[in-house]
Amino acid sequence: MPNTKSAERRVRSSARRRIRNRKVKLGLKTLQKELNTLLSAGKKDEAATVYRRVSSALDKAAKGGVIPKATASRKRSRLAHRLNALK
Numbered sequence: 001m002p003n004t005k006s007a008e009r010r011v012r013s014s015a016r017r018r019i020r021n022r023k024v025k026l027g028l029k030t031l032q033k034e035l036n037t038l039l040s041a042g043k044k045d046e047a048a049t050v051y052r053r054v055s056s057a058l059d060k061a062a063k064g065g066v067i068p069k070a071t072a073s074r075k076r077s078r079l080a081h082r083l084n085a086l087k
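When we follow my numbering, the leftmost residue of the sequence shown carries the number 1, and every step to the right adds one.
No lab work stands behind these hints, which were simulated from the structure alone.
What follows is a set of in silico ranges between Cβ atoms, one per label pair, in the way DEER data are often shown:
#, residue 1, residue 2, range
1, 70, 19, 16 to 26 Å
2, 22, 70, 20 to 30 Å
3, 70, 29, 15 to 25 Å
4, 49, 77, 11 to 21 Å
5, 8, 48, 42 to 52 Å
6, 82, 19, 27 to 37 Å
7, 64, 10, 15 to 25 Å
Every value quoted in this text rests on a predicted model; they were computed, and no experiment measured them. Ideal Cβ placement from N, Cα and C applies to all residues, glycine included.
Throw the hints in and build the complete structure from the sequences for me.
In structure tokens:
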């Protein structure tokens, strides 16, 4: 239970941020699952277009502080390696 007015405001703002961050993370997970299914199916052209969307979403999430920048970079790199391995 917050004891001060500023603590009450922080509780409200952190709740708003939590909701927004969860939406962003859920969207990231959905895009990554879509890309993983395309990669495992061997559909390179469709996977390339989805990869661009995933990469953009990862960058935006990192920019907004939802995930660390290094995490976004690592995930993007691993997905790119998998995409480039398809021939």
